[in-house]
Amino acid sequence: KHPRLAEKFNELDKNQDGKLDTAEMPRRGDRGPGTRGDGGPQARMDKLDTNQDGRISRAEATAGNARFAERFDGMDVNKDGFIDKADRELRMKQRTDAWFAAADTDKDGKLSRAEFDAAKEKQRAGHGQHPRRMAPKPAA
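First residue of the sequence shown? That's 9 in this note's numbering, and the numbers climb one at a time after it.
Please keep in mind that the hints were generated in silico from the structure rather than gathered at the bench.
Certain hints may be false.
What the hints assert, rightly or not - Listed below are the simulated DSSO-like cross-link pairs for lysine-lysine, each with C-alpha atoms no more than 27 angstroms apart in a straight line:
| no. | residue 1 | residue 2 |
| --- | --- | --- |
| 1 | Lys118 | Lys55 |
| 2 | Lys130 | Lys22 |
| 3 | Lys101 | Lys55 |
| 4 | Lys22 | Lys87 |
| 5 | Lys87 | Lys16 |
| 6 | Lys22 | Lys118 |
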């Protein structure tokens, strides 16, 4: 039905048991340059990191970019007062785990080919609906 999807599933299914467990799911790193022509996400982070310590403090965020400063608390996933690689990795893991949990409809801790195909199809159908561009969350 979807040959490229089946090929990707087979590539990910390292032990060839017909299911994907969380260890077989891909982890996404920095996807490279963005579409803004500014060198991508890492270049934007480097620009804000004025003291070049590899992390962005609230003061650096506030001084560098008002929009970024507004999003600081949400981006500081581990709540240590800095935005750094650990926050990005934790957020990627949270997103991947949430996707996996939603895709694992029988809750056996593995994705069957049917679950994988359905989840990818759902993802493809929702393509273009970026979370930040969807309806805003109600104020708490």
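Results of checking the hints against the structure:
Taken as a hint, the Lys118 and Lys55 pair is broken in the structure, with Cα atoms around 41 angstroms apart against an allowance of 27 angstroms. Of the pairs offered as hints, the one joining Lys130 and Lys22 holds, with about 23 angstroms between alpha carbons and a cut-off of 27 angstroms not exceeded. Our distance criterion of 27 angstroms between C-alpha atoms is met by Lys101 and Lys55, whose separation comes to about 25 angstroms. Of the supplied pair hints, the one linking Lys22 and Lys87 is violated, its CA atoms being roughly 35 angstroms apart against a limit of 27 angstroms.
Annotation: proposed proximity of Lys87 to Lys16 is violated, straight-line Cα distance about 36 angstroms (limit 27 angstroms). Between the alpha carbons of Lys22 and Lys118 the distance comes to roughly 13 angstroms, so the proposed pair stays at or under 27 angstroms and holds.
Checked against the numbered hints above, the structure breaks hints 1, 4 and 5 and satisfies the rest.
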